[in-house]
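> All residue numbers in the sequence shown are consecutive under this note's numbering, ending with 1075.
The reader is advised that the hints may include incorrect statements.
Pair ranges (Cβ atoms, derived) [what the hints assert, rightly or not]:
| hint | residue 1 | residue 2 | range |
| --- | --- | --- | --- |
| 1 | S882 | S1042 | 34 to 40 Å |
| 2 | R1074 | T1000 | 43 to 49 Å |
| 3 | S994 | N1043 | 17 to 23 Å |
| 4 | I877 | S1029 | 19 to 25 Å |
| 5 | A888 | L979 | 41 to 47 Å |
| 6 | S1075 | L939 | 30 to 36 Å |
| 7 | T1000 | N1043 | 19 to 25 Å |
| 8 | A876 | R1074 | 26 to 32 Å |
In silico lysine to any residue, SDA-like type, Cα no more than 25 Å apart, as pairs [as the list claims (entries may be wrong)]:
| hint | residue 1 | residue 2 |
| --- | --- | --- |
| 9 | K1039 | K961 |
| 10 | K961 | V929 |
| 11 | K927 | L939 |
| 12 | K894 | P910 |
| 13 | K1024 | K1039 |
| 14 | K898 | P910 |
Just so you know, the hints here were simulated from the structure itself, not pulled from any lab data.
We put the CB at the ideal spot given by N, CA and C, even for glycine.
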Amino acid sequence: MSKKAWIIFIVVITGLLVGLVVWSRSTTPQVNINNINANAIQPASSSDGNIADHVIGKTDSKVILIEYGDYQCPGCGAANPGIETVTNQYKDVITYIFRNFPLTTIHQNALAAAGAAEAAGLQGKYWEMHHLLYKSQADWENLSGTDRTNMFTSYAKSLGLNETQFQSDLSSSAISQKISFDEAIGQKVQVDSTPSLFLNGVKLSSNVISDIQQGSGNQLRDALDTQLKAAGVTPPARS
């Protein structure tokens, strides 16, 4: 091939690559969070694929705990049992919200796992899948393609979900929009690691996270108790 032909070839390929980048950006869900209150429960809307925040507890509580997490993150997996214990203990007096923040540059299956949780949520089993994904993290974190989909589908089956619908929902634009929406809010509040916990808009320290991961959770309980008392609410008794 002549030098001139090579130049033409390179120009054409470069143009195609630029076109692909532009196309990929145009097909990425557009998220507008300018007027979003990151510290409030987000209702279903066109911005989040008509999938509302996933909530445990009182929806009108003055004490709101929000977690930004990644299903493939080992630290999130270690913290999940403790967070589940504490939020169940306080569910009558606080609001707990989980939002997706998959760290896709270091966790290849984080995005797919978030999709699996959201797909289960469309059939009313979000929290069941949420906890199952964390519990079985080591079983799926290194899978890819069909093997990964089959594993997640087996989880859906174990939860009594419609497998065909589940697989279809995994690649739905609504779920993609929901995950992008959660990520955008996380970026707005400057999430830089997972898990990140925000209590009434204030990020809790890494010491609180470590305490949860070590099986205590008392530092989180202390923080919740402080906010509850400030709101005039009696904290639940500790066992």
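> If a hint holds in the structure, say so; if it doesn't, say that too.
Now the hints, each set against the structure:
{"no.": "1", "hint": "S882 x S1042: 34 to 40 Å", "in the structure": "holds, 36 Å"}
{"no.": "2", "hint": "R1074 x T1000: 43 to 49 Å", "in the structure": "holds, 45 Å"}
{"no.": "3", "hint": "S994 x N1043: 17 to 23 Å", "in the structure": "violated, 36 Å"}
{"no.": "4", "hint": "I877 x S1029: 19 to 25 Å", "in the structure": "holds, 23 Å"}
{"no.": "5", "hint": "A888 x L979: 41 to 47 Å", "in the structure": "violated, 29 Å"}
{"no.": "6", "hint": "S1075 x L939: 30 to 36 Å", "in the structure": "holds, 35 Å"}
{"no.": "7", "hint": "T1000 x N1043: 19 to 25 Å", "in the structure": "violated, 46 Å"}
{"no.": "8", "hint": "A876 x R1074: 26 to 32 Å", "in the structure": "holds, 28 Å"}
{"no.": "9", "hint": "K1039 x K961", "in the structure": "violated, 28 Å"}
{"no.": "10", "hint": "K961 x V929", "in the structure": "holds, 23 Å"}
{"no.": "11", "hint": "K927 x L939", "in the structure": "violated, 28 Å"}
{"no.": "12", "hint": "K894 x P910", "in the structure": "violated, 29 Å"}
{"no.": "13", "hint": "K1024 x K1039", "in the structure": "holds, 13 Å"}
{"no.": "14", "hint": "K898 x P910", "in the structure": "violated, 31 Å"}
Hint compliance for this structure: hints 3, 5, 7, 9, 11, 12, 14 are broken, all remaining hints hold.
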